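Protein chains in written order, with our numbering: chain A, 21 to 512; chain B, 14 to 469.
It is worth saying that the hints were derived from the structure and are not from the lab. The structure presented is a predicted model; accordingly, all values stated were derived computationally and were not measured. Beta carbons: idealized from backbone N, C-alpha and C, even for Gly. Treat the hints with care, as some may be off.
Computed spacing ranges between beta-carbons, pair by pair [unchecked claim]:
(1) A:K178 with B:N60: 50 to 56 angstroms
(2) B:E461 with A:I435: 54 to 60 angstroms
(3) A:K178 with B:F293: 15 to 21 angstroms
(4) A:R215 with B:F293: 45 to 51 angstroms
(5) B:I448 with A:K178: 30 to 36 angstroms
(6) A:A49 with B:I448: 30 to 36 angstroms
(7) A:P419 with B:F293: 19 to 25 angstroms
(8) B:K362 with A:K178: 24 to 30 angstroms
(9) A:G169 with B:I34: 57 to 63 angstroms
(10) A:K200 with B:I271: 28 to 34 angstroms
Going by beta-carbon spacing under 8 angstroms, a handful of chain A positions derived as facing chain B [to be verified]:
(11) F151
(12) I158
(13) L191
With a straight-line cut-off of 25 angstroms between C-alpha atoms, the simulated BS3-like cross-links for lysine-lysine are [what the hints assert, rightly or not]:
(14) B:K362 with A:K41
(15) B:K153 with A:K41
(16) B:K153 with B:K164
(17) B:K324 with A:K200
The chain contents come next:
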Amino acid sequence: MVVLLLLLIPLIGACFLFLYKGDHRFASAAALQVSFASLLVMGARLFYWNTPEMLTFSAPWLTSLGSSFSLQMDGLGTMLSLLTSISYFLLFWYLKGRTIERPAAFFGWLLLAQVGMLGVFLSIDSLLFYFFWELALIPMYFLASQWGGAKRIPVTFKFFIYTFLGSVFMLIGILYLQSKTADHSFALESIKKIRLSNEQQSWMFWLFFIAFAIKLPVFPFHTWQPDTYEESPTPVTSILSAVMVKMGILGLLRWLLPLFPIASYMWGDVVMSLAVVGIVYASLLAMQQSDLKRLIAYSSIAHIGLMTAGAFALNNMAYQGLLLQLFTHGINILGMWILADIIERKTGTRSLDSLGGIAQQSPTLTIFFVIIALANIALPLTNAFVGEFLLFNGILATPSNYYWVFATVGGLGIILSAVYTLKMIRAIFYGEPNTITNKPIQLESHEVMALSVIVGLILFFGVYPQPLLDMTADFSKELFSQTDITSLFRKS
Amino acid sequence: MNALLISAILGVLLMLSSVFIKNKSLIHMLALIGLAILFILNLAEINGWLLFEIDVKGMLRFDRYALVMNAIMLASLFFYLLLSGRTMEKVGPHYADYLALLFFICAGLFMVTGYASLLILFLGIEVISIPLYILTGSDKRNLKSNEAALKYFLLGSFSTGLLLLGIAFFYGARGNFSATVSVDPTVVASSLQLASLLLLLFAMSFKVSVAPFHFWTPDVYDGAPTVFTSFMATIVKVALFAAFVRLFEDTFSLQFSIWQPWVAGFVVLTLLIGNLTAVFQQSVKRMLAYSSIAQAGFMLLAVYAINGDSKEGLLLYAASYSLATIGIFAVLIYLQDYTFEGFNGLAKKQPIVAASLAIFFLSLAGIPLTGGFLAKLFMIKAALSYQPWLAIVAVVMAVVSVFYYFRVIQAMYFRSADQVTQPEFPKAFPALLLITALLVVLLGIFPEALLGLLYF
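If we strip away everything but chain A, and leave its shape as in the complex, we get (with noise of 0.2 angstroms):
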């Protein structure tokens, strides 16, 4: 039941809110409560609601074709819901007060959005996650290009034909397994029963994988993402990038790896290869940037590539380390943009040229940052340190040859993760201050609470990440078991 109160409860504030005509100010706060009500059942699921009949919820739909309204909440569903709701409380908490034009509709929109990604996160019947998938597609379309920047209409559309085209190819997947069921059932018991031969599941491993290597986005799909991070207002881009690209991941870790094991090992070079490719890529890119949006969506490019490589490595270790780092990443890159938003909202700018000096005026302001921003390379101490220290040790234990390669190619990633943070952590807040960097920057009361949060989270599980690996150990412990190459082998 908790499952469909966290689906029900942002579905019934976005329907409020479209249907909401007056104050301004009653919007965003409105939007604040719901988000915490979220929060609040968030936090009674992980201490009180632990029993299996809360966790799942399965209700007749679409009969006639097989496919019903399954929704369960296992480890992995866990970790992104309460990252879905943490990010969204922070957010909205950051938000307050701010005026933004026609605030119902954004902020319903936004709620929408969450629906949709929570449903991606929990459903186990693949028609039904397909639905959600599309659901969480089109509100962050109309946020994107009604509240987005100059070149908005173009720039989302690529977003949303590039991800509708991957999905379409997914649904052809989705449809040849319901053939193939002995129930004719979407559901993914049943599809997991299947047999595929190693030339099917090839085919619906890619057909699978191109839906989720453009939402990642994974080296070469990723190029709809820098243009979309840019020109979307910076709160869409933040839930964008915390919440969304988890689809992605979500997508590898539920469908993908645990229903085509040996494809997934066939192929897992060719994705490796891709994915750590992208991390220098994508690091090399990053350093030439001049824009701050621009700068924070290439580094996410880099680290989603990891994850993804982290996924291939098909061992516990790696599984274990990608499952923190679902958390981690979304929490740290979500202070990125939120920082960044400040900065351009509070100097007007948002290019490294014409910032500097800012820490002799604003020094908490630079605090915030420079933790943040070493969080987001991985420092020890910070959260995304156990994380990346796994998914390394994990792609270490890759079953492919090629490992070591895969290692070191993905390892020069965080030098050069170093390379342009502390770059950037120059170009913004240390030299002399300009004109338009030397008056002080005043934070807010609400600014001040959402960062150090965020900040608490980020020292808090740097030093013990227990709980949350102890959150998602069966989760991992079960992918392992559905996709160990070597009893996969001894067994055929």
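Go by the hints and put chain B onto chain A.
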């Protein structure tokens, strides 16, 4: 059977009504009541309640499928008359006559969905076509309307000729007109049989505007008064598709190895030509004409894949496509500017109309939560069981369709109005449009509500 006879009678009554009733809104109201009666009678027939017991000598067969299809068409027609019925007044002075012609066409529609003999199919198509020629040319002062009517008439008669020849060959090969008994390929595999099969295939393809027989469609749809284009592109088209499916599923099902490759070729051609040409249109009306060709490509998949899934899918397709297209045309009629720019900034001035339009376009593009998605899903599933590449062509073309459907959404929501004059809609219009849009969404969430009619 109920609806067929009553619709013909209502047509006559409406034609006479113009002599006695001068008030046009009263005539409109009469037509709506007539439709409601037809709908109820049709529902009653689904539940086995018949007004008349007429021996039709096996020429007509109103099974569940035909009756549900009729119900969908009647419901669509009802919304069509509600949304754009009054705008027919602007076309010409003969308001009651237009409505009467619509009711005559209705009788034809019921004949083609329920035929059991090829003679009835022929009669039905003629009963549909002749009033349509008149409606196309009803805007007599407009040169384009005249041209469209003439073109439609000439090409339409030509294809009817093909149809008749096909039926004659059919009779020659089999000695009867019965459409219900499947042709046994082992007994009569004569050239006469083959010729009749192909002629019927081509003639039907022409009628539903499938490529390469689609050339009349853009000009006729563009030239005809918009309110009648809406009717032709939706209700008439889906009825003919129902007949098309029936012809090849019942009559020629055992020869499917002959016609299936042809139909597959037509599907690909139709999808490619319809979608790729629609991308380059500047007028929304012409874009919708090509979009209707593209959608016909999807519906043709129901003919291609003869199985239960695709038949159910066609019902869903008929309902969601008709409602969405009728809604879009209903708005288009009120706009002065038929280009994409004419929609600029509509969301600010008319939020409800814009939201409904957005739902219609999302449905046509096949985005989940709308009826259009499930309809396409059924079709792709059906295609996948025969030819995977056909399904891939279909979904890629569905992505291409996003290019032109979303241009309108972009214009409405993301661009600001550059023209001063905004369209004026009647008072109840936004609410009615919203109800239509909600129906489209409902089809996407609970298709069982419609498909359940088939079985219970």
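Hints and how they fare:
1. A:K178 with B:N60: 50 to 56 angstroms: This hint holds: roughly 52 angstroms between Cβ atoms.
2. B:E461 with A:I435: 54 to 60 angstroms: Cβ of E461 of chain B to Cβ of I435 of chain A: about 58 angstroms, so the range 54 to 60 angstroms holds.
3. A:K178 with B:F293: 15 to 21 angstroms: holds, 19 angstroms
4. A:R215 with B:F293: 45 to 51 angstroms: holds, 47 angstroms
5. B:I448 with A:K178: 30 to 36 angstroms: holds, 34 angstroms
6. A:A49 with B:I448: 30 to 36 angstroms: holds, 33 angstroms
7. A:P419 with B:F293: 19 to 25 angstroms: violated, 50 angstroms
8. B:K362 with A:K178: 24 to 30 angstroms: holds, 28 angstroms
9. A:G169 with B:I34: 57 to 63 angstroms: holds, 58 angstroms
10. A:K200 with B:I271: 28 to 34 angstroms: At roughly 29 angstroms between Cβ atoms, I271 of chain B and K200 of chain A fall inside 28 to 34 angstroms, so the hint holds.
11. F151: For F151 of chain A, the interface hint holds, since the closest Cβ of chain B sits about 5 angstroms away, which is under 8 angstroms.
12. I158: Hint on I158 of chain A: holds, closest Cβ of chain B at ~7 angstroms, below 8 angstroms.
13. L191: Status holds, d = 7 angstroms.
14. B:K362 with A:K41: This hinted pair holds, its Cα atoms lying about 15 angstroms apart.
15. B:K153 with A:K41: violated, 47 angstroms
16. B:K153 with B:K164: holds, 15 angstroms
17. B:K324 with A:K200: holds, 21 angstroms
Violated hints, in rising order: 7, 15; the structure is consistent with all others.
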